[in-house]
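Got chain B sorted already, so can you dock chain H onto it with the hints?
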Amino acid sequence: MQEKSFNLLHIFEHRRDAYGFVLRPQHVQRYKEYSSIYKEEEEERSNKWEIFLEQQVHSDQSSSSEEEHREGLEAETSELSEETVTERAGKGDDSSEKSGPHDTSECHGNKEDQLLAESKEEQLSEESGKLVELPPESNKDQTFIEEPEKELHLSGDSKEDQYSEEPGKAAECPKEPAKEAQSSEEPGSEAQLSEEPEKEEQSSEEPGSKAQLSEEPQKEEQLSKEAKIAKIKSWSRIRPSLRKLENMMSSRVKKIHRMKDENAAVNHLSAVKETEVEGKSDSDIEEEVSVNKNSGNSVVASTEETLEANKASSPRSFFPWRELENLVQGGVPKDLRGEVWQAFAGVKARRVQNYYEALLAEEDDADESKDHDKSTVAARKWKRQIEKDIPRTFPGHPALDEHGRDSLRRLLLAYARHNTAVGYCQAMNFFAGLLLLLMPEENAFWTLVGIIDDYFNGYYTEEMIESQVDQLVFEELMRERFPKLVNHLDYLGVQVAWISGPWFLSIFVNMLPWESVLRVWDVILFEGNRVMLFRTALALMDLYGPALVTAKDAGDAITLLQSLTGSTFDSSQLVLTACMGFLSVTEDKLQELREKHRPAVLEIIEERSKKGRVWKDSKGLASKLYSFKHDRGSGGEQKKTCEESSNLDDLLTGPADPEANSLPDLQEQVVWMKVELCRLLEEKRSAILRAEELETALMEMVKEDNRRQLSAKVELLEREIAELQQVLADKKEQEGAMLQVLMRVEQEQRIAEDARLNAERDSAAQKRALTLLQEKYEKSMASIAQMEQRVVMAESMLEATIQYNSGQAKALSSPRSALNQNSTVETPRRRTGLFSLNWRDKNKVSFFLCPLESQLGKFYGAEAVPSGIRERENS
Amino acid sequence: MGCSSSLPDRSSGRLGGVNGSENNGVPDAKNLRVKLVLLGDSGVGKSCIVLRFVRGQFDPTSKVTIGASFLSQTIALQDSTTVKFEIWDTAGQERYAALAPLYYRGAAVAVIVYDITSPDSFNKAQYWVKELQKHGSPDIVMALVGNKADLHENREVSVQDGIDYAEKNGMFFIETSAKTADNINQLFEEIAKRLPRPSTTSAT
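Going down the list, the protein sequences come from chains B and H. Its first residue numbered 374, the first sequence is counted upward by one per residue in this note's numbering. Its first residue numbered 2, the second sequence is counted upward by one per residue in this note's numbering.
Looking at chain B on its own, in the form it has when it is part of the complex:
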């Protein structure tokens, strides 16, 4: 537990995006990846917008003198300070000296537009820091941060009447300084007073770079003021063009109102003017008419309309709508967003002086006086719900501290009073919270009025008719666009509306990452209708449909879609897919489809309410019966039970019972019976309806069952196929293994063969060597034999010679005997010579023979190996 709470704390502290919203832990990484892309996009778009707005200023230059004199910075400075000085002086404010430097600093601030746009994150933290740091004594602080901005929005004329009303208002509600300060009609004089001390605190937070720009003597003060205005000042220069835009959009609103007036029996505009408080809420009821009439809501159409309206109201140069549309689709720069949204929503045209204050005052009155009429009961219900939901709106967001929550509460209560048909509906808390982050309270109120009264008219009312209609329309569009996906979802048992319902109702707040939410809102507010809602939802389906087709069951599909949607960080891709990919989804087409589906929704609602009425009727009847019974004083208890059980038998015996005791008025009886008959008929009708419902449910169940059986079969077959495939794969694998083994064996065989061949070759070579050796041996043997022969010959010759010699010696006698002796001495010497030669020859032969024999021995030894192999092979 402890660990967990620590984790939560950790998440709260560090895991926030550039808007201060909590990031889901699983998204932190992806957000980091995208934050640099966001930054680049932001730079690009703020450049584009700057150029665009500058162009507007130039093209506008001649059209109105008021705007003209705001052109030059110097001029503006003097003008503004003059204006404020005089105005404030006129009001007897003591802060008039301060307004001078204040306005100058505004101009200095201008130069840093770019710088500041780039460091928006800094700004945000700065802002939130401001909110937190504010001294407790000034309840107004939250608003006065944006106070100057408000002043800037307001065009000259409205400013004037606003100021003229000032003193009166201050007198009106002296008890609520906080509220007063928050209203945009406050000139900021009071706020500025309390601003002073705080500014000094903030100077420490200032980035040093700004210090160079301040040339005023009171540097510290100046510095802090610049910081304050930094956020706002960007608009002082481009303001004229923004105002032009605002006027354009305002005329759109006016046109809607005009049409309303034409169509409405009562002139609501005058009603609004007469009784500023009640008039507005009435006019909302007529809104359906305006929405239906204002069908030309596809951008081009609305453009023309607006242009027309513009021409009618004031002759103006052509406004480049296309360009603006492209810019909006590319995203509104962060620090322009608040103002641009106001301009788009037509806040200026919607605004009624004092209306917001009056609503708040009314709220307080209601608190004190405790009426119990119907409207206050409803109001109390809203109030309770609002109280419940305030802490659950962007919990932990730095801007929604105590003061932030107070203004959120006031805003929601005021809206509930303003449009009693809607009152308060969950989801509005998020819208209001989001708007409050971008603009001051009253501006947020009028923007919310624009969104809920116009763009989402009928969406958040008690019956939520239009939101149900839109779901049916969306489903039809889905079927048209993504038939395969819808079929798959049908098969899984997923209804598109389960997922798209929350998307539409929350306008994607909390469903998409914030950058994407804001980009979608940019387009919605610009177009002034719900087309973008459909396009975005379709784009999401387009992006994630392919993934959904892989889902195995309903739960997986929904979980997958939820998580994919929640991580749609590529906001540009989303918006462009939505805007470019679904151009055929136009307001005209949607209106057509809505008309087609609305009757079905109305029918269901009517049926439900009829049932309710039946129930109420029978209840009324019951009470009538009860009093009727009571008069007679008997069987009361029994009656009551029978009424409760609404059982026919009981009811029939019921009246019989008193009949026994006292004769009832026959006429009363008849009336009662008639009523009872009606009730029974009604019951019968609803029973039939119920039966029909059940029947269709049964049919559905049967269908589903069949489908399930089929799918089970398919599943089974698929599994079989898979098994077979598995077996096949196994077999193939085995085959492969066998082949490999075979190949290995073959290889071995080949090696063995080679070895054998080698051995054979060897043996052949050795055989040849053997025969050679044998030949040599034979030759040498032959030569030996020859030599021996020769020896024998020589010996015989020698013997013959000796014999001859001895014969001679005998013949010659003794003198010659000495000679003979010599010669005999000599002959044995020769003989020994011959013998020695013979011996040497023998030696020679053995010298030849020895290696031969050894070689032969070797040969036979070697012969043993191949023969062994051969033997093995043979076996």
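Rather than coming from a laboratory, the hints here were simulated on the basis of the structure. Virtual Cβ for every residue (Gly too), placed ideally from N, Cα, C. One should not assume that every hint holds.
[Stated by the list, open to error] Here are a few chain H residues that face chain B, going by a calculated C-beta distance under 10 Å: (1) Pro61; (2) Lys64; (3) Val65; (4) Gly68; (5) Trp89; (6) Gln94; (7) Arg96; (8) Tyr97; (9) Pro102; (10) Ser138.
[Unchecked claim] DSBU-like mimics (lysine-lysine), calculated; alpha carbons at most 35 Å apart, straight line: (11) Lys925/B / Lys135/H; (12) Lys131/H / Lys756/B; (13) Lys135/H / Lys31/H; (14) Lys180/H / Lys761/B; (15) Lys761/B / Lys64/H; (16) Lys756/B / Lys983/B; (17) Lys1047/B / Lys131/H; (18) Lys983/B / Lys135/H; (19) Lys1076/B / Lys857/B; (20) Lys180/H / Lys135/H; (21) Lys64/H / Lys131/H; (22) Lys31/H / Lys85/H; (23) Lys925/B / Lys85/H.
Coordinates of chain H only, in the frame set by chain B:
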């Protein structure tokens, strides 16, 4: 129309509606898939119960639910059955009741939640019971849940009231605390046990 309380008929064997697990690829009684819908007044802690059950977390400052939100969680029972709960957590504000049929239609289980410190929410719970008896699946399993049991010092709806009402309407009753996690898992386990098993006819 003179609706007597419809007791969930356990012997009926198989549930129509969404209980069937046949879609799941494994058509056996051991892996159930159940659509469950949470209903009840705003702020009684429906989302917190789901979050506690699915993620084991408790966030005292959770967001308002718009429309409905979806989470799923699978639990294993002792008899080695797994039950996959597909939970639709609906928005509490009264007017969102207009959209509720979208979510409770076809649901096999409805968990109706009230806050034991708020009699209003108990009344609202009774409204939902009636609504479901009229328009829900006839064999829907219903559970009545008194949440925020940890705030017993502020209790305004007695345990007995809850038990009595649940008994009268053939519901299962339990008091839970999403904050302390008391009885949260028990709630879902009990529901799982009470589910009609599609197997009872086919397996035996």
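Q: Just pull the numbers of the violated hints for me, sorted ascending.
A: Of the numbered hints, all hold.
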